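Enquirer: All chains should be modelled from the sequences, with the hints used to inform the complete structure.
In order, the protein sequence lines correspond to chains A, B and C. Each residue of the first sequence is one higher than the one before, counting from 1 in our numbering. Each residue of the second sequence is one higher than the one before, counting from 1 in our numbering. Each residue of the third sequence is one higher than the one before, counting from 1 in our numbering.
Don't read these hints as lab results, they were simulated from the structure. All values reported here derive from a predicted model rather than from experimental measurement. Warning: the hint list may mix true and false statements.
[As the list claims (entries may be wrong)] Pairs of lysine-lysine residues, derived as DSS-like cross-links and limited to a Cα-Cα distance of at most 30 Å, are as follows: (1) C:Lys-167 x A:Lys-313; (2) A:Lys-265 x A:Lys-329; (3) A:Lys-378 x A:Lys-352; (4) B:Lys-13 x A:Lys-246; (5) B:Lys-42 x A:Lys-202; (6) B:Lys-211 x B:Lys-223; (7) C:Lys-167 x A:Lys-6; (8) A:Lys-49 x A:Lys-192; (9) B:Lys-186 x B:Lys-223; (10) B:Lys-270 x A:Lys-6; (11) A:Lys-313 x A:Lys-263; (12) B:Lys-270 x A:Lys-49; (13) B:Lys-141 x B:Lys-223; (14) B:Lys-211 x B:Lys-229; (15) A:Lys-192 x A:Lys-6; (16) A:Lys-246 x A:Lys-313; (17) A:Lys-192 x A:Lys-246; (18) A:Lys-378 x A:Lys-329; (19) A:Lys-246 x A:Lys-202; (20) A:Lys-6 x C:Lys-175; (21) B:Lys-259 x B:Lys-243; (22) B:Lys-230 x B:Lys-141; (23) A:Lys-265 x A:Lys-378; (24) A:Lys-378 x C:Lys-64; (25) A:Lys-49 x B:Lys-259; (26) A:Lys-202 x B:Lys-229; (27) B:Lys-243 x B:Lys-223; (28) A:Lys-6 x A:Lys-313; (29) B:Lys-141 x B:Lys-243.
[Stated by the list, open to error] Sample of chain B residues lacking proximity to chain A, with all beta carbon distances greater than 10 Å (derived): (30) Lys-42; (31) Asp-242; (32) Glu-256.
[Stated by the list, open to error] Covered by chain A, per the in silico footprint, the following chain B stretches (three or more residues, Cβ under 8 Å): (33) 101 to 114; (34) 259 to 269.
All C-beta atoms, glycine included, are put in the ideal place defined by N, C-alpha and C.
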Amino acid sequence: MESKTKIRLMQGNEACAEGAVAAGLRFFAGYPITPSTEIAEELAAILPKVGGKFIQMEDEIASISAIIGASLTGVKSMTATSGPGFSLKQESIGFAAIAEVPCVIVNVMRVGPSTGVPTAPSQADVMQARWGTHGDHPVVVLCPTSVAETYTLIVEAFNISERWRIPVVFLMDEGIGHMREKVVIPDSGELKIVNRLRPTCKPEDYLPFDADAGDGVVPPMADFGTGYRYHLTGLTHDRTGFPTTKRPEVDALIRRLCSKIDKAKQEVTFVDEVLTEDADIAVFAYGITARAGAKAVRDARALGISAGLLKAKTLWPFPEEHVERIASKVRAIIVPEMNMGQLVREVERASKGKTKVISLTRVDAEPISPDQILTALKEV
Amino acid sequence: MARPITYYLRADKMPHIWCEGCGHGIVMGAVLRAIDSLDLDKNNVCVVSGIGCASRAPGYLDFDTLHTTHGRALAFATGIKMMKPNLDVIVLAGDGDLAAIGGNHLIHAARRNINVTTICFNNSIYGMTSGQYSPMTPTGKMATTAPYGNIEEPFDLCDLVFAAGASFVGRGTAYHAGPLSRLIAKAIATDGFAFVEAVSQCPTYFGRRNKMRNALVMLDWQKEHAVTKKAASRLSPEEMADKFIIGEIGTRIRPEYTKRYEAIIEAATKETDDNV
Amino acid sequence: MYKEIRLSGTGGQGLILAGIILAEAAGVYDGHEVIQTQSYGPEARGGASRAEVIISDDAIDYPKVTSPDVVLVMSQQACDRYGHQVRPGGIVLVDDTNVSSIPSVEGAAVVTLSITEIARHDVGRQVVANVVALGALVGATGVVTPEAMEQAILARVPRGTEELNMKAFNVGLEKGREARARHETT
Numbered sequence: 001m002e003s004k005t006k007i008r009l010m011q012g013n014e015a016c017a018e019g020a021v022a023a024g025l026r027f028f029a030g031y032p033i034t035p036s037t038e039i040a041e042e043l044a045a046i047l048p049k050v051g052g053k054f055i056q057m058e059d060e061i062a063s064i065s066a067i068i069g070a071s072l073t074g075v076k077s078m079t080a081t082s083g084p085g086f087s088l089k090q091e092s093i094g095f096a097a098i099a100e101v102p103c104v105i106v107n108v109m110r111v112g113p114s115t116g117v118p119t120a121p122s123q124a125d126v127m128q129a130r131w132g133t134h135g136d137h138p139v140v141v142l143c144p145t146s147v148a149e150t151y152t153l154i155v156e157a158f159n160i161s162e163r164w165r166i167p168v169v170f171l172m173d174e175g176i177g178h179m180r181e182k183v184v185i186p187d188s189g190e191l192k193i194v195n196r197l198r199p200t201c202k203p204e205d206y207l208p209f210d211a212d213a214g215d216g217v218v219p220p221m222a223d224f225g226t227g228y229r230y231h232l233t234g235l236t237h238d239r240t241g242f243p244t245t246k247r248p249e250v251d252a253l254i255r256r257l258c259s260k261i262d263k264a265k266q267e268v269t270f271v272d273e274v275l276t277e278d279a280d281i282a283v284f285a286y287g288i289t290a291r292a293g294a295k296a297v298r299d300a301r302a303l304g305i306s307a308g309l310l311k312a313k314t315l316w317p318f319p320e321e322h323v324e325r326i327a328s329k330v331r332a333i334i335v336p337e338m339n340m341g342q343l344v345r346e347v348e349r350a351s352k353g354k355t356k357v358i359s360l361t362r363v364d365a366e367p368i369s370p371d372q373i374l375t376a377l378k379e380v
Numbered sequence: 001m002a003r004p005i006t007y008y009l010r011a012d013k014m015p016h017i018w019c020e021g022c023g024h025g026i027v028m029g030a031v032l033r034a035i036d037s038l039d040l041d042k043n044n045v046c047v048v049s050g051i052g053c054a055s056r057a058p059g060y061l062d063f064d065t066l067h068t069t070h071g072r073a074l075a076f077a078t079g080i081k082m083m084k085p086n087l088d089v090i091v092l093a094g095d096g097d098l099a100a101i102g103g104n105h106l107i108h109a110a111r112r113n114i115n116v117t118t119i120c121f122n123n124s125i126y127g128m129t130s131g132q133y134s135p136m137t138p139t140g141k142m143a144t145t146a147p148y149g150n151i152e153e154p155f156d157l158c159d160l161v162f163a164a165g166a167s168f169v170g171r172g173t174a175y176h177a178g179p180l181s182r183l184i185a186k187a188i189a190t191d192g193f194a195f196v197e198a199v200s201q202c203p204t205y206f207g208r209r210n211k212m213r214n215a216l217v218m219l220d221w222q223k224e225h226a227v228t229k230k231a232a233s234r235l236s237p238e239e240m241a242d243k244f245i246i247g248e249i250g251t252r253i254r255p256e257y258t259k260r261y262e263a264i265i266e267a268a269t270k271e272t273d274d275n276v
Numbered sequence: 001m002y003k004e005i006r007l008s009g010t011g012g013q014g015l016i017l018a019g020i021i022l023a024e025a026a027g028v029y030d031g032h033e034v035i036q037t038q039s040y041g042p043e044a045r046g047g048a049s050r051a052e053v054i055i056s057d058d059a060i061d062y063p064k065v066t067s068p069d070v071v072l073v074m075s076q077q078a079c080d081r082y083g084h085q086v087r088p089g090g091i092v093l094v095d096d097t098n099v100s101s102i103p104s105v106e107g108a109a110v111v112t113l114s115i116t117e118i119a120r121h122d123v124g125r126q127v128v129a130n131v132v133a134l135g136a137l138v139g140a141t142g143v144v145t146p147e148a149m150e151q152a153i154l155a156r157v158p159r160g161t162e163e164l165n166m167k168a169f170n171v172g173l174e175k176g177r178e179a180r181a182r183h184e185t186t
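Expert: Printed below as a string of structure tokens:
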């Protein structure tokens, strides 16, 4: 019989906090905001027990700034927030992208814009998560559909962030964040943990932004305080890390940064397919909406409709190959979202006109119901 | 001074970006002389800045250096200091960076009393963006965004930071470079949040618009308007009206933040042990 | 098995904790799949309070309760709002200490029990009314085993209150069984 402590009833936000610690998180800076606050509360209690540290900063901007600073000392770092706070963090997400500092930003989505409905779920930040900060930049966005998945997917968020030296946005929603589900906690040995590549050269030979010293895309990263004495800046910079406005160097930097996503794509794309093999109609869904999607698909099957579900756990890079493959064999793809229709545009783009794409939206602060999707499946 | 100043410089990054007559080089030199006087290990010093003319200083310094976003240097520095408390973390930033966009971080770093030394290069103007008024621009002075004269009153940054809880607060000037360096050394040696306002000059954007035609005139102004605490005590309020105090402004002994956090670790670990 | 359970009443009755304990009994100790959700925000402070649990043998797709099999109502306001929302064949368990206007629901069993009164007099502490309710729920519906519920309660209640809470649970369990039997014979 399995030990009872390995099977727990956990809240989504709790699973996010504990999964992050399992991934190696040792520094968290945050600011209270509904519905993400439980993540900060959990970590305030847990981190000092495992040799980590927690700080409640004076605002959201300070929180993300502090985690970037902490990450430079070689420590896995995270902040968590919701809508308004996520907006405030955008500038520093860009800093993490250009200075290539690994960090994880959790956004437990609530209804916006502005203060909106703090206590109700939404999926209206999916475009902001990708494009919220200014300028071309790499970012990976992951989105769990259950509490158990939150625990394991946040580990992937850290792995991706460390491996590619990019900010990773972990998009939860109020529904997933606050619900409790049974979680079988994986043994620490079962989890694959990735740590950033550190330089092995002598400090005097270290070129902090020379990707050729790594895999051609991601340069090795030295911890502050270990004698490498290097410079980081949010300005465009050359291989030495110092500012440059020389056209070829600016071009090379931006292209290399953005190429991380192309290179990382296979490795960071997590998509589950449910009953898609013989499907002639598909639902594309993510987050809490994928739960309604799964139920609707099963209910449709019971009615003799050959429906299938494409459940995206990686939203960015957008899983276009998966969508295109499905698009080429179904009559239609239904895209239920708790927003005015955001990722449906990506589904349309990836479908390349091979099938009909139908947007199903809900913005009344209630999750999309299985019946709403089932009705759409019946109507197609 | 035991070592030449070039020991601490990234000489290959020169020439610097500062204008002719700018006081920031003098202040940066004072910081390096302070570091040298304390014999700090270069590998153990981390210098953090925000955005602005002063914030370019770290690029020329041979330490681990971090040039961050506008106003947030202290927040980045807080994360660094939290996870590597043994590092000597120094923030170099301008008056716009620290007193305007980063004002919240300044008072909270002081309130926490985290062991970070902050040097404010105060030239009373936004230099990088060509001369807009800052929270440190004196009333009545001209700026590109105060073409009829500044109607706002500046902060007394030292009083503000001390009231917020800093362990050490002082003020110096580019003109009084030697005393400034000794003041900064005391600030770095303080176990807690330490703040030094270094009055600097911007002849290009402040002087030119305010009838101070070059750096020498501005340095003269610093010389004539700076008074020690002792001298100030002998002056009437009227005589003090256009003067400012240099030297140590305030010191106090208060628990330092990262040391306080050690108590949290102890309590949390004890709780874990109790539950085993 | 697939059961939706809704616990409703007012803030301060401990119904959110009751929901968590019920979910742990079902998920951790009985080994079912389980989801627990609750009302949040201003709604959760002072006014109406609601906790929902879904118990299933299979993975649960949709996390929200849509058509409950079991409804516990512990205030008149909750009764007016949720007392009629029950699946045909379901059970509404009414704490008639706090509910004077008892609903009648076609196709569902309405079981009344003076839960708060029992906590006050039979157990001796009104504060354990939520645990009496959990006992009554198990007795009247069998959604989880008594053994699982016992373990779940003991794992959650403050140290030193185990005995009190076990008493509350056992009294509730017995009264719940009686009430159900009484309902079935009438």
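Enquirer: For B:Lys-270 and A:Lys-49, compute the direct alpha-carbon distance and say whether it is at most 30 Å.
Expert: 9 Å, holds
Enquirer: Run the distance test for B:Lys-186 versus B:Lys-223: straight-line Cα separation, threshold 30 Å.
Expert: 22 Å, holds
Enquirer: Holds or violated: are the alpha carbons of A:Lys-49 and A:Lys-192 at most 30 Å from each other?
Expert: Given that 30 Å is the threshold and the Cα spacing comes to 22 Å, the pair holds.
Enquirer: B:Lys-13 and A:Lys-246: Cα distance at most 30 Å?
Expert: Status holds; Cα separation ~15 Å.
Enquirer: Holds or violated: A:Lys-378 with C:Lys-64, Cα cutoff 30 Å?
Expert: Given pair A:Lys-378, C:Lys-64 holds - Cα atoms ~22 Å apart, limit 30 Å.
Enquirer: Would the least Cβ to Cβ distance between B:Asp-242 and chain A come out above 10 Å?
Expert: 34 Å, holds
Enquirer: Verify that the Cβ of B:Lys-42 lies farther than 10 Å from every Cβ atom of chain A, and report whether the claim holds or is violated.
Expert: 7 Å, violated
Enquirer: Go check the stretch 101 to 114 of chain B versus chain A for me, would you? Three or more residues, Cβ under 8 Å, otherwise it fails.
Expert: Satisfied; 3 residues make the cut.
Enquirer: Please verify whether C:Lys-167 and A:Lys-6 have alpha carbons no more than 30 Å apart.
Expert: Judged against 30 Å, a Cα distance of about 29 Å means the pair holds.
Enquirer: Decide if the proposed pair is consistent with the structure: A:Lys-313 and A:Lys-263, CA atoms, cutoff 30 Å inclusive.
Expert: The given pair, whose Cα atoms are some 18 Å apart, holds under the 30 Å limit.
Enquirer: Under a C-beta cut-off of less than 8 Å, do 3 or more residues of the stretch 259 to 269 of chain B approach chain A closely enough to confirm the stated coverage?
Expert: holds (count 6)
Enquirer: Given the proposed pairing of B:Lys-141 with B:Lys-243, does the C-alpha separation stay at or below 30 Å?
Expert: 16 Å, holds
When the structure is compared with the earlier hints, violations turn up for hints 1, 16, 17, 20, 21, 23, 26 and 30 and for no others.
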